[in-house]
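Given the sequences, and given the hints that come with them, work out the whole structure.
Sequential numbering of the sequence shown, starting at 0, is according to numbering that gives the first Met the number 0.
Hints listed in this document are in silico derivations from the structure and should not be mistaken for laboratory results.
Among the clues, some could well be false.
To be verified - The calculated label-pair distances, taken between Cβ atoms and stated as ranges, are:
1. L304 <-> S101: 42 to 52 Å
2. V476 <-> E173: 49 to 59 Å
3. D88 <-> S190: 47 to 57 Å
4. D463 <-> D67: 54 to 64 Å
Even glycine gets a Cβ: it sits at the ideal position worked out from N, Cα and C.
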Amino acid sequence: MERYHPSEVYELFVRHMNTPRVVVDNGVCETATLVQVHSARKHGVLLEAVAALSDYGVCVRKGYISSDDGRWFMDVFHVTDAAGRKVADTDKLLARLESALSAAAAAADALPWAVGCDSPAKERLCLLELIGVDRPGLLSEVFAVLHDLRCGIVDAQAWTHGGRVAALVFVRDEDTGAPIHDVARIRRIESRLRHVLRGGARGARTVLVDAAAVGNLDRRLHQLLNEDGEADRRAAVEAPTTTTAVAVQEWGERGYSVVTVSCRDRPKLLFDVVCTLTDLDYVVYHGTFDTDGDHAQQEFYIRRLDGRPISSEAERQRVIQCLQAAIERRSSEVYYAPLNISFPCPPCHATILPEQKKKAHPIPLRDPTKSFSAELSTSPPCVRRRLHRRPSNAIHPSLCVQQGVRLELRITDRRGLLAYVTRVFRENSLSVTHAEITTRGDMALNVFHVTDVAGRPADPKTIDEVIHGIGTDSLRVDEERWPRLCSTEGDAAGAGLFSLGSLVKKNLYKVGLIRSCS
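Encoded structure:
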């Protein structure tokens, strides 16, 4: 009989007790699949759960986060598939979540930015981390340099925002398919790319990675742009026009900072917000997130890792800028330009006068026919939302702005393919704002978001010429939009389940974290 040391038995016991428990249920809600995650509190576990849902491809429509002051937490998500229906294969979703959450700790040890997700099947490859000044045709120049240096591109992702570009490119030797180990060759690649990117010593960096060590690439792109100071630089140059409303308030009575986000809903919105808060070293203790049509409303009660709330105006502004940048970085096909953006809220240390307690603070509107407003009182738990109709003149449809045409390329992979495709874009005065490059076997599955060189909507005639030039069988425009899932009727049918603010406040009241506000 095998014997174990008492310390080993205790370690196994603790590991078992701290293993996240996942429940996936299709019988609770008529319109969505319910996902519950229970676990001991650990920094980053919320991000792991949200990342696993995003990687699986489900849409998080509503949910809440609850915690007993940091020792144990429960996350509840109402999710649907891309078509707005319940998830058909709940067993597969359950297995995926359990696998991702249990593997997250091991993945985090491999890379500091790794998050449990479905990594593409790769052998050991060179990862190029690129950061630099964005300009028309830059991606074409990068791919041309790599092709000239005999580097085969396996996978890549690139984002542009605030005049900066960040990219992650997995490469290998174009002739042999083997990873590039020659130090002199790696230095030559980095030197050439830094010259193209004009990013100085930080412009290009090479890392050798294994498939098991490949984490969430979206998170790493966020980190690259944050480390580059893109959000600070953009805020310092000018006050950018934005339809993303972010407010940070102080709840000194309970030692929380309350972050409120109001913006247009889109895929991976919750991931981008939670990822930014996690990388800024904040812990989410409680929160709610809700959607109506294409509008999203989120609220999080946070503290720093040391248990203290946000303590200065500079720190508050930093959180607001980073969240706004993270939300707006991910290329979206359409967004509504603001008519009158206003999100007044008390500063972090402001004193609220009695006559200001019931003053309503408007939240920016996105949907041309619907609007939200919120009554913010001095005590954040007393936040009361009301959904109402208002005339469509809040945001006129003519103010809809095209952010980027989404082009999907499915073609047999060959040498120099990306250099050729992006050169065609550049020659037709198209600029790539977002790119996802994937290779599966001998097939290239690529997605590009393109605008004209000034960032305006691309001319449909130009898009037509590009499609015919590359091949109508290979390149097409993806006209699908983020589904409008939560109709008023759907909300009415599940009112008992979707009254999240009241549910969270009720739970917080039961555990003694807030007082009754009635």
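Hint numbers contradicted by this structure: Result: hints 1, 2 break, sorted rising.
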